[in-house]
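Trainee: When you get a sec, could you build the whole thing from the sequences and use the hints?
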Amino acid sequence: GAGVSQTPSNKVTEKGKYVELRCDPISGHTALYWYRQSLGQGPEFLIYFQGTGAADDSGLPNDRFFAVRPEGSVSTLKIQRTERGDSAVYLCASSSSGRGNIQYFGAGTRLSVL
Amino acid sequence: KQEVTQIPAALSVPEGENLVLNCSFTDSAIYNLQWFRQDPGKGLTSLLLIQSSQREQTSGRLNASLDKSSGRSTLYIAASQPGDSATYLCAVFGTDKLIFGTGTRLQVFP
Numbered sequence: 001g002a003g004v005s006q007t008p009s010n011k012v013t014e015k016g017k018y019v020e021l022r023c024d025p026i027s028g029h030t031a032l033y034w035y036r037q038s039l040g041q042g043p044e045f046l047i048y049f050q051g052t053g054a055a056d057d058s059g060l061p062n063d064r065f066f067a068v069r070p071e072g073s074v075s076t077l078k079i080q081r082t083e084r085g086d087s088a089v090y091l092c093a094s095s096s097s098g099r100g101n102i103q104y105f106g107a108g109t110r111l112s113v114l
Numbered sequence: 115k116q117e118v119t120q121i122p123a124a125l126s127v128p129e130g131e132n133l134v135l136n137c138s139f140t141d142s143a144i145y146n147l148q149w150f151r152q153d154p155g156k157g158l159t160s161l162l163l164i165q166s167s168q169r170e171q172t173s174g175r176l177n178a179s180l181d182k183s184s185g186r187s188t189l190y191i192a193a194s195q196p197g198d199s200a201t202y203l204c205a206v207f208g209t210d211k212l213i214f215g216t217g218t219r220l221q222v223f224p
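Residue numbers (the working numbering), protein chains in the order written: chain A, 1 to 114; chain B, 115 to 224.
These aren't lab readings, by the way, just hints derived from the structure by calculation. All residues carry an ideal CB built from backbone N, CA and C; glycine is no exception. Some hints could be false.
To be verified - On the chain A side, residues computed to face chain B include the following (Cβ under 7 Å): (1) 43; (2) 65; (3) 107.
What the hints assert, rightly or not - Quick look at which bits of chain A chain B covers, simulated, 3 or more residues with Cβ under 8 Å: (4) 30–42; (5) 51–62.
Said to hold, decoys possible - Heads up, simulated DSS-like pairs for lysine-lysine below, C-alpha to C-alpha not over 25 Å straight-line: (6) A/78 <-> A/11; (7) B/156 <-> A/78; (8) A/17 <-> A/78; (9) B/156 <-> B/115; (10) A/78 <-> A/15; (11) A/11 <-> B/156.
Mentor: See the structure below:
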């Protein structure tokens, strides 16, 4: 596609539920990143994929968060037992090879946990 | 641990002014530094990328400088326009991820 696509654009869920957020990167980009942005803050790193493998998952806040990229393209961020504090905008970015190349961002998924 | 700070947090100026946005970072071991623009409810758009070996980059009315040794970068916007109104984010690329500042919210009024 022309850019990074994220779905859904908005997700409202109840505390304790499970959610999946999808990211479709730019075709051919091997590097994929997930960030989380709270209101009034800059994005914070969650996880980085190079191809199918998670090269760095040090930003995942706890074991309720998990992400996959099984075929090296689309990635899914999964959050179990959601909490109100998980409410934020989740941003996905891709780049041609990681390692300092320009990252192209999607519009994000706004997650609201009630 | 790398920390990125942006000053000012918010700025409101009349159209036509030249602006300087500041970014500082605590660890000079960076791969590059990027400036992004974020419009409300939208994702981030990359404006300029400065490699660690470079001193500045220019794109149209935008000029970004980098002084790695002192941990500083500035984004200069010439002849500001209402369409420049947005949040501007600075981010440094360390080992394998971007570390962002909290942004400068810019409003340019006619």
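Trainee: Determine for every hint whether it applies to the structure shown.
Mentor: Now for the hints, and whether the structure bears them out:
1. With 7 Å as the threshold, the beta carbon of residue 43 of chain A comes within range of chain B, its nearest partner Cβ sitting at about 5 Å, so the hint holds.
2. Taking 7 Å as the C-beta cut-off, the interface hint given for residue 65 of chain A is violated, the closest approach to chain B being about 16 Å.
3. Interface hint at residue 107 of chain A: satisfied, since its Cβ lies 4 Å from the closest Cβ of chain B, which is below the 7 Å cut-off.
4. With 5 residues having a beta carbon nearer than 8 Å to a beta carbon of chain B, the region 30–42 of chain A meets the requirement of three or more and the stated coverage holds.
5. Chain B is given as covering the region 51–62 of chain A, and this holds because 3 residues of the stretch bring a CB closer than 8 Å to a CB of that chain, at least three being needed.
6. At roughly 13 Å between alpha-carbon atoms, residue 78 of chain A and residue 11 of chain A fall within 25 Å of each other, so this suggested pair holds.
7. Proximity of residue 156 of chain B to residue 78 of chain A is assessed by CA-CA distance (about 22 Å); at most 25 Å being required, the pair is judged to hold.
8. In summary, the hint linking residue 17 of chain A to residue 78 of chain A is supported, as the alpha carbons are separated by about 11 Å, within the 25 Å threshold.
9. Of the supplied pair hints, the one linking residue 156 of chain B and residue 115 of chain B is violated, its CA atoms being roughly 29 Å apart against a limit of 25 Å.
10. Between residue 78 of chain A and residue 15 of chain A the alpha-carbon distance is near 15 Å, which keeps this suggested pair within the 25 Å criterion.
11. Restraint check: the Cα-Cα separation between residue 11 of chain A and residue 156 of chain B comes to about 15 Å, which is no more than 25 Å; the hinted pair holds.
Checked against the numbered hints listed earlier, the structure breaks hints 2, 9; every other hint is satisfied.
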